[in-house]
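Given chain A, put chain B in place with the hints provided.
Single-letter residue listing:
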Amino acid sequence: NAGVTQTPKFQVLKTGQSMTLQCAQDMNHNSMYWYRQDPGMGLRLIYYSASEGTTDKGEVPNGYNVSRLNKREFSLRLESAAPSQTSVYFCASSTSANEQFFGPGTRLTVL
Amino acid sequence: GENVEQHPSTLSVQEGDSAVIKCTYSDSASNYFPWYKQELGKRPQLIIDIRSNVGEKKDQRIAVTLNKTAKHFSLHITETQPEDSAVYFCAASSGTGRRALTFGSGTRLQVQP
Numbered sequence: 001n002a003g004v005t006q007t008p009k010f011q012v013l014k015t016g017q018s019m020t021l022q023c024a025q026d027m028n029h030n031s032m033y034w035y036r037q038d039p040g041m042g043l044r045l046i047y048y049s050a051s052e053g054t055t056d057k058g059e060v061p062n063g064y065n066v067s068r069l070n071k072r073e074f075s076l077r078l079e080s081a082a083p084s085q086t087s088v089y090f091c092a093s094s095t096s097a098n099e100q101f102f103g104p105g106t107r108l109t110v111l
Numbered sequence: 112g113e114n115v116e117q118h119p120s121t122l123s124v125q126e127g128d129s130a131v132i133k134c135t136y137s138d139s140a141s142n143y144f145p146w147y148k149q150e151l152g153k154r155p156q157l158i159i160d161i162r163s164n165v166g167e168k169k170d171q172r173i174a175v176t177l178n179k180t181a182k183h184f185s186l187h188i189t190e191t192q193p194e195d196s197a198v199y200f201c202a203a204s205s206g207t208g209r210r211a212l213t214f215g216s217g218t219r220l221q222v223q224p
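Residue numbers (our numbering), protein chains in the order written: chain A, 1 to 111; chain B, 112 to 224.
Same shape as in the complex, but just chain A:
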């Protein structure tokens, strides 16, 4: 039981490049989330998916898109990366009681 996994662990992009962050969970959770964490700050919600086939914007969705590929996988795409998107990205999934469990994070630097 791996819990929530994320790939890659680290990534460096140049401004304007695109990339997809992958997230998968093996806990049979319906809800999944993408957060970003900037230095010295709490986590802010980018997008979430309450169930397979649905996605909704969070607090900071601009510049991102998501895909809920199936119940296990929820990916985050940056179409044209900007330096302001330099951050640590965490994926999470939650139980029906809303207990959220986080993946190990992806540290992204945009030059």
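Hints may contain errors.
Mimicking DSSO-like on lysine-lysine, the simulated pairs with C-alpha atoms at most 30 Å apart in a straight line are [what the hints assert, rightly or not]: (1) A/Lys14 / A/Lys57; (2) A/Lys9 / B/Lys148; (3) B/Lys168 / B/Lys148; (4) A/Lys57 / B/Lys179; (5) A/Lys14 / B/Lys179; (6) A/Lys57 / B/Lys153; (7) B/Lys153 / A/Lys9; (8) B/Lys148 / A/Lys57; (9) B/Lys133 / A/Lys57; (10) B/Lys169 / B/Lys179; (11) B/Lys153 / A/Lys71; (12) A/Lys57 / B/Lys169; (13) A/Lys71 / B/Lys148; (14) B/Lys182 / B/Lys148.
Anything over 12 Å on all C-beta distances counts as not near chain B; from chain A, calculated [as the list claims (entries may be wrong)]: (15) Gln37; (16) Asn65; (17) Ser67; (18) Leu78; (19) Thr86; (20) Ala97.
Computed Cβ-Cβ distance ranges for the label pairs, DEER-style [stated by the list, open to error]: (21) B/Gly112 / A/Gly63: 14 to 24 Å; (22) A/Gly53 / B/Ser129: 40 to 50 Å; (23) B/Ser120 / A/Asp26: 29 to 39 Å; (24) B/Thr189 / A/Ser84: 37 to 47 Å; (25) B/Thr189 / A/Glu59: 27 to 37 Å; (26) B/Leu151 / A/Pro83: 17 to 27 Å; (27) A/Lys9 / B/Gln221: 19 to 29 Å; (28) B/Lys153 / A/Gly63: 23 to 33 Å; (29) B/Arg172 / A/Ser18: 41 to 51 Å; (30) B/Gln171 / A/Thr5: 38 to 48 Å; (31) B/Ile173 / A/Thr5: 42 to 52 Å.
By construction, these hints were calculated from the structure, which means they are not laboratory data. These figures come from a predicted structure and were not determined experimentally. Think of the CB as a built atom: it goes at the ideal place given N, C-alpha and C, for glycine as much as any other residue.
The following block gives chain B in isolation, referenced to the frame of chain A:
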């Protein structure tokens, strides 16, 4: 939307002392209040949570209290140990609609041996 404020931003205590971190929230519909511990370079880990139908919850050296009228909740750590040193985040969410968490800005706890 929900807004969560957390204080203090840094807290230094001596080993064996108690530590208290406080949070306030704005949305009266919020009914779930977890606390996360994050060590440097690691993922946030859920350490304790409380729901709006409960005023206090304990788990060994950790306790959380909730005052729904005042819209604040607190984390209490007793008999602190050096391994308690980390950043602690409070969060709040509603049980309906968007159930994602709104986080506080974090408290860096340093336990001095």
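Now for the hints, and whether the structure bears them out:
Restraint check for lysine 14 of chain A and lysine 57 of chain A: the C-alpha separation of about 25 Å stays at or below 30 Å, so the hint holds. Restraint check: the Cα-Cα separation between lysine 9 of chain A and lysine 148 of chain B comes to about 20 Å, which is no more than 30 Å; the hinted pair holds. Restraint check: the Cα-Cα separation between lysine 168 of chain B and lysine 148 of chain B comes to about 17 Å, which is no more than 30 Å; the hinted pair holds. Our distance criterion of 30 Å between C-alpha atoms is met by lysine 57 of chain A and lysine 179 of chain B, whose separation comes to about 28 Å.
Using a Cα cut-off of 30 Å, the hinted pair lysine 14 of chain A and lysine 179 of chain B is violated, with the two alpha carbons roughly 47 Å apart. Our distance criterion of 30 Å between C-alpha atoms is met by lysine 57 of chain A and lysine 153 of chain B, whose separation comes to about 26 Å. Distance restraint check for lysine 153 of chain B and lysine 9 of chain A: the Cα-Cα separation of roughly 11 Å lies within the 30 Å cut-off, and the hinted pair is therefore satisfied. At most 30 Å may separate the alpha-carbon atoms for a hinted pair to count; lysine 148 of chain B and lysine 57 of chain A meet this at roughly 26 Å.
Restraint check for lysine 133 of chain B and lysine 57 of chain A: the C-alpha separation of about 29 Å stays at or below 30 Å, so the hint holds. About 18 Å separates the Cα atoms of lysine 169 of chain B and lysine 179 of chain B, which keeps this hinted pair within 30 Å; it holds. Restraint check: the Cα-Cα separation between lysine 153 of chain B and lysine 71 of chain A comes to about 25 Å, which is no more than 30 Å; the hinted pair holds. At roughly 35 Å between alpha-carbon atoms, lysine 57 of chain A and lysine 169 of chain B are farther apart than 30 Å, so this suggested pair is violated.
Distance check on the hinted pair: lysine 71 of chain A and lysine 148 of chain B sit about 27 Å apart at the alpha-carbon level, within 30 Å; holds. Between lysine 182 of chain B and lysine 148 of chain B the CA atoms are separated by roughly 22 Å; this keeps the pair inside 30 Å, and the hint holds. With a least beta-carbon separation of about 9 Å from chain B, glutamine 37 of chain A fails to lie farther than 12 Å from that chain, contradicting its non-interface assignment. Look at asparagine 65 of chain A: its CB is around 17 Å from the nearest CB on chain B, clear of 12 Å, so calling it non-interface holds up.
For serine 67 of chain A, the condition that its CB be more than 12 Å from all CB atoms of chain B holds, with the nearest at approximately 18 Å. Annotated as non-interface, leucine 78 of chain A keeps its C-beta farther than 12 Å from every C-beta of chain B; the closest such distance is 20 Å. Even its closest Cβ contact with chain B, about 16 Å, leaves threonine 86 of chain A beyond 12 Å, as expected for a residue assigned away from the interface. Remark: the non-interface label on alanine 97 of chain A conflicts with the geometry, its nearest Cβ contact in chain B lying 8 Å away (cut-off 12 Å).
For glycine 112 of chain B and glycine 63 of chain A, the hinted distance range of 14 to 24 Å is satisfied, since their beta carbons lie about 20 Å from each other. As the Cβ distance of glycine 53 of chain A to serine 129 of chain B is approximately 47 Å, the hint placing it in 40 to 50 Å holds. A beta carbon spacing of about 36 Å between serine 120 of chain B and aspartate 26 of chain A agrees with the range 29 to 39 Å that was offered as a hint. For the hinted restraint 37 to 47 Å between threonine 189 of chain B and serine 84 of chain A, the CB-CB distance of approximately 41 Å keeps it satisfied.
The supplied range of 27 to 37 Å is met by threonine 189 of chain B and glutamate 59 of chain A, whose beta-carbon atoms lie about 34 Å from each other. Hint check: leucine 151 of chain B to proline 83 of chain A, Cβ distance near 24 Å, so the stated range 17 to 27 Å holds. A hinted range of 19 to 29 Å holds for the C-beta pair lysine 9 of chain A and glutamine 221 of chain B, which are about 27 Å apart. Between lysine 153 of chain B and glycine 63 of chain A the CB atoms are about 26 Å apart, so this pair conforms to the stated range of 23 to 33 Å.
For arginine 172 of chain B and serine 18 of chain A, the Cβ-Cβ distance of about 46 Å falls inside the hinted range of 41 to 51 Å, so the restraint holds. At roughly 29 Å, the beta-carbon separation of glutamine 171 of chain B and threonine 5 of chain A lies outside the given 38 to 48 Å, and the hint is violated. Checking the proposed 42 to 52 Å range against isoleucine 173 of chain B and threonine 5 of chain A shows it is violated: the Cβ atoms sit about 28 Å from each other.
Checked against the numbered hints above, the structure breaks hints 5, 12, 15, 20, 30, 31 and satisfies the rest.
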